[in-house]
Structure formats: C-alpha cells, structure tokens
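Asks: So you can see what is in the structure, the chains are spelled out below.
2 protein chains.
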Amino acid sequence: MAKPIPAFGLAFLLALASAPAFADGVPAQLQQSGMNLMPWPAHVQLHGGRLALTPQFDIAVTGDSGQRVYDAATRLLQHLQRRSGIEFDQHAVTANSGSARAALVIHVHRPGVLKIGEDESYSLHVDPGHAVLTAEDGLGALHGLQTLRQLLQSDSNGYGFPAVDIRDQPRFEWRGLMIDVARHFEPVEVIERNIRGMAAVKLNVLHLHLSDNQGFRIQSKVFPELTELGSNGQYYTQTQIRHIIRYADDRGVIVVPEFDLPAHAVSWLVSHPELASAPGPYHLYTRFGGENPAFDPSNPDTYRFLGRFFKEMAGLFPAPYIHIGGDENSGRQWTNNPAIQAYMQPAITSNDALQTRFIQQLAAMITADGKQIIGWDEILQPGLEKGAIIQSWRGKDSLYQAAREGHRAILSNGYYLDLLYPASDAYLNDPIPPGTRLARSVRRNILGGEAEMWSELVRPETIDSRIWPTAAAVAERLWSPQEVRDVPWMYKRLRSVNLQLEELGLTQIRNQGVLLRQLTGRHDIEPLRVLLDVISPVRGYQRMATGHYTIHSPLASITDAATANPWAAIQFNERVDRFVKHPDAGAEQQIRAQLEQWIANDPALEALIEPATALHPVKPLAQSLVTLSKIGLQALDYIDRKQPAPQAWARQTTTDFLQAREPAAATKLRMVDAVEKLVVMALKGDGSSGSDLSRGEVQGDR
Amino acid sequence: MAKPIPAFGLAFLLALASAPAFADGVPAQLQQSGMNLMPWPAHVQLHGGRLALTPQFDIAVTGDSGQRVYDAATRLLQHLQRRSGIEFDQHAVTANSGSARAALVIHVHRPGVLKIGEDESYSLHVDPGHAVLTAEDGLGALHGLQTLRQLLQSDSNGYGFPAVDIRDQPRFEWRGLMIDVARHFEPVEVIERNIRGMAAVKLNVLHLHLSDNQGFRIQSKVFPELTELGSNGQYYTQTQIRHIIRYADDRGVIVVPEFDLPAHAVSWLVSHPELASAPGPYHLYTRFGGENPAFDPSNPDTYRFLGRFFKEMAGLFPAPYIHIGGDENSGRQWTNNPAIQAYMQPAITSNDALQTRFIQQLAAMITADGKQIIGWDEILQPGLEKGAIIQSWRGKDSLYQAAREGHRAILSNGYYLDLLYPASDAYLNDPIPPGTRLARSVRRNILGGEAEMWSELVRPETIDSRIWPTAAAVAERLWSPQEVRDVPWMYKRLRSVNLQLEELGLTQIRNQGVLLRQLTGRHDIEPLRVLLDVISPVRGYQRMATGHYTIHSPLASITDAATANPWAAIQFNERVDRFVKHPDAGAEQQIRAQLEQWIANDPALEALIEPATALHPVKPLAQSLVTLSKIGLQALDYIDRKQPAPQAWARQTTTDFLQAREPAAATKLRMVDAVEKLVVMALKGDGSSGSDLSRGEVQGDR
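Chains as they are written, first to last, in my numbering: chain A, 1 to 702; chain B, 1 to 702.
No wet-lab data here; the hints were simulated from the structure.
Predicted model, so just to flag it, every value in this text is computed and none were measured.
Where a beta carbon is used, it is the ideal one built from N, C-alpha and C, also for glycine.
There may be inaccurate statements among the hints.
Beta-carbon label-pair distances, calculated as ranges [to be verified]:
| # | chain 1 | residue 1 | chain 2 | residue 2 | range |
| --- | --- | --- | --- | --- | --- |
| 1 | B | Glu225 | A | Gly280 | 18 to 26 Å |
| 2 | B | His523 | A | Leu658 | 31 to 39 Å |
| 3 | B | Arg308 | A | Gly289 | 57 to 65 Å |
| 4 | B | Pro273 | A | Ala92 | 22 to 30 Å |
| 5 | A | Ala648 | B | Gln31 | 36 to 44 Å |
| 6 | B | Ala600 | A | Thr94 | 50 to 58 Å |
| 7 | A | Ala100 | B | Gln372 | 57 to 65 Å |
| 8 | A | Gln29 | B | Ala600 | 19 to 27 Å |
| 9 | A | His283 | B | Glu87 | 33 to 41 Å |
| 10 | B | Gln238 | A | Asn336 | 46 to 54 Å |
| 11 | B | Gly233 | A | Glu328 | 42 to 50 Å |
| 12 | B | Ala353 | A | Pro55 | 45 to 53 Å |
| 13 | A | Gln542 | B | Glu606 | 56 to 64 Å |
| 14 | A | Pro55 | B | Ala600 | 35 to 43 Å |
In silico DSBU-like pairs for lysine-lysine, Cα to Cα no more than 30 Å straight-line [what the hints assert, rightly or not]:
| # | chain 1 | residue 1 | chain 2 | residue 2 |
| --- | --- | --- | --- | --- |
| 15 | A | Lys492 | A | Lys386 |
| 16 | A | Lys492 | B | Lys619 |
| 17 | B | Lys492 | A | Lys619 |
| 18 | B | Lys677 | B | Lys492 |
| 19 | A | Lys311 | A | Lys115 |
| 20 | A | Lys221 | B | Lys492 |
| 21 | A | Lys630 | A | Lys619 |
| 22 | A | Lys492 | A | Lys581 |
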C-alpha cells in the first residue's frame, strides 16, 4: 500500500524504520511503560513527556473521512470526559470542527469500505503539544482512536497521553466474535455493548448464530411462521437487525448471519415439518445436545423454501457472506428415511456426499444472490465450490487443508469462550504458529480467527463475563505481531483493558457483584469475592456433562459468578513461578501476605456462606483455600531455614492436595499447583529468602 | 367489596379480624421478624414455621385472572429460581398449569382494569404446606405476588416463605413515579427496568415528562419535524412507546404522558417558531434554567396545531389522562409581545388569566379526545374545569386548595428524588399527615402522590441510583397505613429491598462500583467505597446552583457515585442516637469498631485518591472522616471515665467540626452530627460504658 506521507510524519516514520525488530518480543522498556494497549500495536516507540488533557482538548478531522470517524471521535470525547471528569469545550466532532491546531488532528484520505481486506492501518503520533492520527481510510482511523483511548493515563498531576509514535496494522484480516443467540436469546442491548467491546479491541466481524434447535431468532417477512412458531417470542425483528447492522457498521464491524443447515434444524422444522427428514411434529428443544434433526435434501420443496428464505436474508444483510452452518449432521435421519435412500441411488454413495450435494445446491442459490457461503469444517468435502470459506472448529488440520485446497479459512478451534479456559490458552493459540511451513499462497488463504460464544450456559446477565476479557486476548493474537506472546505481560494489560471495557457498558465486572449479592442476600460480599478471585469454573464440557441443564436453568450459581481468569490466582501463580526461579525476600513477602490474607478472610467467608444454602456446595473450596494457604506458609518457613523439609510433612499434605484439586460447585481452586511448587521447593531445601534478585537461576546453583 | 371467601381462607380471615389495630405502628414482634416487606402491608399476622422452597414448587391459577397474572407468576418462578439456585419442574404458569394442590394457588375473580381506583387488594396465606393468594382482580394478584417475592428468606436449612397471613390494600390510589426524559433522554431499557422496580414496590403510575427546552422525546407521525429538528435524534418511536405502554400494562403500571405547555416549549418551537410568543429561531437548550419560551396563545394556529397533536397522542396512549404541564410560565414573552397584549384586551386582565384561557382551550380539545388533563399547580386558577387534576409541586397548600375546589389532586412536593434528600424525608412526607382536618369529600379528592425524577444531572448509568431506593420509601408512604412510620425500621427494610430491586436489573448498586473503578482506574475500590458509604451529594439545588452544568457534562464524578442514603452513616447515626439515650457496652463497642474502621481505612483510601486527580476534590472529606473518628474515640474514652470531658478539649475540636461540615466535591460527610453528640455526651460526663440495657433513659438518671 502506497500512502502519501504527511509532512509532520516523515521524521517519526524514519525513526520507526530504525526501531529494533520484534524477534524477541516487545522490549522490556515498553512492557514496563504502563501503556496498557491491547492489541499491542505493530510498532511502538515511546518518548518522554505527555500531552495533557485539558478542557481545551479538541479534535479536528481533515480529508474525506466519512461519518464513522466523526462519530467515533465524538464518542472518544465522551469517554475521555467521563474518565477524567473534565468537561471539554468541544462536545461533538463534525466536518468543520476544530482547526489545524487542534489537540488531536485526524488525517484520513477516504471513508473506506467495510469489508475483509480493507486497509486498516493507522499511524499515531503524540507529543506534548499535540497528537496526530493518520490513516488511509476511516476504518484505520477508528482503530487509531481506540488506541488513543487506551493510552489515557492518570497520575497525581492529571490526565494525559504519553508521547509516543505508533505505526499499526493487523496481522490477520478476519478477527471475529461469534455469539450464539439461538440457545439463549440475547436482547439488542447485549449485542450493542458487545459490538462496542469488539471495536475497542479491533475485532471486525460479528457472527450471529441465528438458528438452532432451541430457537429461530430473526424475523422473516416471507416466512413469518419461522419465528411465530419457532422462537418462543424471542427474536430480532428486521427493524432491530437493521439497527444492529448499522450500529456495527458505524463502529467498523461486519455482521455475518449464520443459519445452521442441514442439521441443528429443529426451529425451522417446528413450522415446516414437511421439509424434515423424519416425520414431525417438531418442538423446540429445551435441552442441549441430542439428535440434530435435518432438512430433507431429497425434497425439491426444501430448495424452493431455502431459496426464497436466503434471497430475503441476502437483501437484509449487506455483508457478502452468509454462514450456512453445515456442522454435526449425524446422517441418521437420512439413513432411516427410505425416500432419501432411494433418492441417493445410484450416484450419491454416502451421507457426506449427500450433504455436499445439499451444500452445493444451497451455495449455488446463495451465490446467485451475490453472497459467498461460509460453513463449519464438515462442509469441506470434494466438490465444494472454491469460493466457500471454511471455519475450522475441530482443529488446525482442517484449517490448513482448506487453505491448501484453495479455500479461504478461519480458525475457531481453541477460541471457544464458553469452555472457560484461561485467556492465556486462547492467547497462545496462533492460527499460524512460529515455524509453521505453509506456502505463501496457502498462508494467504488463512483469513484469521474467531472467538466463539456458545450460549447453552449463559444468559444476558452473564454472557459478557464469558466473552470478556478473554476475547481481548484473542483479538491481540489476531491483530498483533506473532512475537507478542508474553503471558504475564498480556495478563497485566488484560486486567487494565478489562476495566476500560467496563466504561463501554460491558457488564462482566459489575454483574459478578450482582450475582454474589443475590446469592448471599447481603450488601457486603467482599469475603466471597476474595474466594471468587481464586477459583474458576470447571473447563471444557464438564459442566454441561452433568446433563441436567435446560434453557430454563437459573444459571445464577457460584460458577456463573466465577470467571475463567481469576486475577488473584493468576497473580499468585506468576509470583510463585518467579520466586521458585529467583527466590528473594520481597517476592516471599508478597506470597506470604497473599496466603495470610486468604487465611484471615476465612471466618467472614464462612459466615457469608452458612446462611445461604445455594453457596454450601462451595464450602470445600473455601476450606481447601485455608488448608493450602497454611501449607504454603509452612513450606516458606522450611525454605527460610534453608534445610530440606521432612518428607513426612510433605506426605501429610497429600490428602489436602487431592482434596483441593476436586471440583466443587462446578468450580475449581486455581492456586493449588503454585502451593505444590512451594512444597517441592521446600523439600529440595534450595530456598533462600535472603537472596537478592541478581542471584540467578536456582536450578543453576545446584 | 363483597368477595366470596374460599373455604380454606375463612379461618385466617377471622383470625385477622381479631388482630390488634395499628394505632401505635407495627408491633415489635413483626419489626423483628426479618420480613423485609416494603410497602408494609395493611395487616400482617406472623405464624410459626415456613413453606420450604423445593424443585417441586409450583403455581396454579383459578378464576378469570387474565394474562397479567400468568406472566407475573412465571416471572416469580424465575426470580425465586435465580435467588435460590433451585430449578423448578414448572417453568411457566398458564391457565392450565398446576393443580388445586399446587404449592401456591392463586384465586382471582376477574382480570381487572388498569385504571386509578381499581380494586388492588389481595390476601395472602402461607402455611408450611402451601400458600394461597386471593384477589378480586388481577391487579391485586400482581401486588400479592410481589409481596410473596419479598417474603422469600434463606437460612442454613434452605429457602422458604414464613407462615403468615396478610390482608392488604393501598391507602392511596395514585402512586406515581415521574421520569423526565427530556433533559437527559433515557433509552427504553432504562424505562423498562424502572417499570419493573415500580411494580416491585406497588407503584402504579409512570409519568413521562416527554418535552422540555432540551428536547422533544416522542415521535409524532403528524408532525415528524418535532423530533427531526427538536430531539438531537434521541426520542421514542411510536413503536417503542407502544412497547413501553404494553410493558407497563403487563406489570400493572399506567403510563401518563406529559407535554409541557405553554412554557418550557423550546423543543416544540425549534420546528414551529411561527407558534412562539417571541421571534425565533429557537435552538434546543444545552443548559438548564433560564427563560422558558412559550406558545403564542393569541394565534389560532397554536390551537389548530395542538389540537391535531393531542388527537394523535390521545390515540397512542390508552390512559385517560394527558398531562399538559402548565408550570413556570413567567409571562415575560407575553408581556413583551404587542399582538398578544392586544389580543388580551379587554377581557383578559393578566398573564395568569391568559394562561388559564389557554389551558381551558387545550382542556376542551383534550376532553373532546376522551382524556382528562393533569397540570402542575400553576394551572389551578379560577375557571379551570373541574375534571382537571392538579399535581402540587410547590407545597401542600395547593394540594388541599385544589381538593377543596373539587379537583382531584396529587402531591409531588417533598418527593423530588433529584434533590437527593435522604429517604426518611420523603418517607415522613405524608400527603395527609396525622391530625389533618379535611372534610371527607375533600380528602377523597387527594388521589396520592408522585416521586419526581428530574434529569438535569443524571444519565442512563446514574439515574437508577437517584430513583432507588428512595422511591420505595415513597411507595410505602403512599401504600401503607399512616401509622407505619418508624424510620430506623424503614431503613432496615429499605436496605434489603434495595438488594431485591437489583435482581430486577436496576443498576443503583452495581453502577456505583463502575464509576469508582473508572475514577480510580483500579479494580480494588473497597477503600473508596468505605468513604462513599458515609458521604452523600449536597442536597436541594446546591449542585445545580454552580451553574456550569450542560447536557454534555460528564456526570461521572464522586458526587455522581454518591447516594442520598449512605448506609454506614445512617447506621452509625442510629447507633449513636440509641447509645446517647441508652449507653451500653455493646453499643459502644459497635461505635468504636466503626470509628476504628474509618481510621484504618484511611491509608489505602489516600493511596487510591492520590493518583486520580478527578478524586482530589474529595480529599478534605477523607481527612475529616479520620479527624472526626479520632474525636469520636476520644469522646468515648471520656465517657468511659464517667467524668465530664474538659471544655478546652471540646473547644479544640470546633475547627475540625466546621471543616467536616464543609461540602467538598459536591458531597458532604453525613456522620458529623453523630460525633458531635458523642462530644456533647462526653462533656456532660453522663456516659457509662458498663451500664446494661435495662438501665433506662440516661436523661432520667440525672
């Protein structure tokens, strides 16, 4: 991309050109700068000084920026005002507002087109006198404004932006978030606030899973019976969907609709049992899993129906993609239907081939409507048209296979937010990890990735706490250079970004308190929050596996309040890891203080739990937290004595560790391994609390 | 009302008939029962035992209840599930669900009509085997379901409802909440959640202030220019208003629209300057106060325009009332307009008379549309038609005057939530205080009252914290017997009800943390919350009086996070009041513990404040809190010694008290008087920390 370089920008572009490469990640100086940017930009150079925020802070836009940039700049003014409490003289940014001497000048050459592959780059220059944001198009400028918002810092002298030069562009062009609005419907405001969150971390595709066995979630004017009979009254009207599309567009986010076919089809078949592969009637599922009823691919009416439906949807959604699902069709209904079996004779030799034939016919219709299809990786079968995009949920093998076969492809495997793995897992899940051998043409087919929020176990009040902040870590993986992958530094920034997401109206922090107050019936839930900060929900499908969940389940228990990233545990584990490698008195003191806090918290915690029977299941974890904290302190005592701890003592702790590793209330304690590391260290007798930091690796000393 | 008595209900009705009267308020036994009902029912009799909540809990409805009761019962199931974590077998209540042996049986005779004066009574019987709710109509049943929701209690044995008999009906039939959506627009979800809150505390009228100088907030299809030019894009579409009306109707809440006339009219005149009393152009105000431009009452087009407008609105809003404002017309524009002065000759002798003439013509049109007018007390002038309802914002004189003149009347004076007086003030503001002499016919004209939420200084994120929980105290004043007026007991229940309002999605608790995290940029804001729990915003118009607020002001400062009812201060003040009257060691210990906590909190508090310049203005209060806490402890030390404290010591504290009474950051410390009481007590030397509770009045001992 050739871009005119504005006069003031030349010096810093030259300076950046000479900046060190990122082969070893981000320089420590930047990591310690206090700039909590996420995703971390491609190139960052920090200078001294800062641009102070004053009531006179104003914004001017030059060039043909389009309305998106004015609106985003106006929103930036609002956010900066609210965080600082400073009311600006300027309240709105328009084509004519501000001057060339404005505190922030934005140069944009063209509005840009909201599409995959558009130029999203920007450059940001901040010095003590002013800030300049330069972008080829409006989409890049939106990203630059989000970076500036993240840059705001505060100290006892006031608020301001550090002097910095940033040159930034994404590594992958498809950075998505899927929200399943079928299992649990999510009202418009939930979608709106998550779009705001997406824009804040530079995600650009919102994929809505609009139909599944539990509900059909979008009004069709051609087939109004789809929602009349298949939604329990919970769906988006076309007016609402248009609003969502426009709201997302304003923020640089593309909306891709998914209609899951040929299986996962109950909500279609409730009103159209004549199109099913097995006799009806069909009723919306209230449970999850089970058989996935499918359309009848041998019935010409199926295609007539879907043709008319997709033509309507193609007119409603401006994005050039329609996701048709294609996953988890067991084929059982097809095998058991003699008419379908007869239809397959003689050319179609398997259910897979039949599904491919179905998808081909669907694709032909949808392509005629001017859209490309996307499907889950099951649709990758011989004969699939090359324009189809593959979304790999089962692993990277299908991602690379699709790309090799000439399909564009998106990674979802490893980004399943509903499985509640810690953010570090998704963060280190690179679509193209270091050392991957892929031809340039194949690599180019890998568009990026998408975080998936399946909604069996969330409701509007809890869904944000499953998406955020982990989705921000996914966003960094998909945007930032490959070398940016230091986990402790990521967590440090993630914690700060999480707070900033809250100012956009996301509820992942505030609603934890709501749940805890409901569960305890008390205002003061701080002792319980201390426990929540060190436990997290069981991961993967463990909770679902109990099988007793329905769409009616209250989802208001302790595991619904717990999160995938319990900060106190994360911090404690990091400290212990560092201490084991580099024992020093300061680190030990921090570890001791934490262990003592957990012990001291216990009486108040037990007093909160006792009268609230809904909390009783978590009691074992509360007890284990105290037990392990005491063991940790004992280990540190042994380490201080610089003598190996007695084996007998360690053996006595075995039961405690076993107990502490047991899940309870569908949650687990997440500081157990760290305490075990202290015990192992004590057994070796290699600790020295008096050592200083320069002592180097303990292992090397022995 | 004659109502068939169901067989199982006779015994308890007889029992209730013999229950003691309420001449001396609510018996101590009930006050100490832990039943945190609000509004407190007219008749309550507590028995032993409870109805346990189990997965088999179910609800059956008999009689012609109407859809409202089914929906409300279904919502009750959801709330009980979420609070207890118990998933019920029954998920929805319909005409056919449950049996006569259901855990809760609801008997209703007719759906009821949503109108002022409808029968709202209900009876609730709970015994360990089952619960029975009986009501003449669906509206009464809704109230009974809310009472049952409030009754749920939890202890270490589980969740359940105490065995109780309740017979209940409202004291006043108009129990309103006004929300001004003109100064700051409030999106639909803000209105929805406040409707849920209203229903929870048995408020039944939502009055929307839809137009003012800052914006016109409802779409007119006849005059679309009203919002196109006069709303900055922030208004309710007719679809949204219909949704709000239906949402409210489902919950037993009547929606009354207000269109403020003839003054407060800028937002009309932006698009219709030809109808103004002074030449335009008009622009929406961004500030508050100032001149209130008015319609030209001499222009026939004014009436043609308003006639068409109100005909449209009369069709949109089903309630039989339209509020036409009528307040704060200075008359200056009329005096300065020669054409208007000429029009007045010779019959109309004053601006008041001209306004009355204007209102009369308006009322005639609106009456022809089948509605009655409501207006602020300025419209009470000779010649006003008797059907007009008067809303008294300036005092009870106009309330009684209106009632004496044959108008129905509503009290708003004393219920202004935006002025941020403590809940106890509104609570003790009785429309007809004990001892009021009013003829029965006059008394009957006093319909009730309305809490007013003017929105100059709130935004969607903060408005709930101004309305709640104070509006619940107003609700009790308007619903419960006059004798229910014990303030400490009210506060005890209010704190619990506040938590239960949170489960309805109201944000008054959760959003305080959001603001504090934004202001500090920190997750752990507990030390700041300790301060917030003892300060509240300056009251009345003090904050507005600084004059620098606009519709763009960030409203994100410490005073926006503070609330009118700081619980720690309220509790501390109550304890000191009791201690001063009845000194005992236990009370002293609690007071000491609180003072010591405030002192111990200070270092962490200062560390939070220092790096956040937006918090710096509150520093003096943080310092005063420590200073006064130390003085309080010194006072207790003197009291313990049972010798009068030296006058010199008390004199030294004078400056500290003066300082502590100064507002800072538009907030004030609310425990100052209590500490002063301790100092006064110390000076008297009458304390005795060793005394026991049975010692009686200290005053009587001297």
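Asks: Failing hints, ascending?
Replies: 1, 5, 8, 9, 13, 15 and 20
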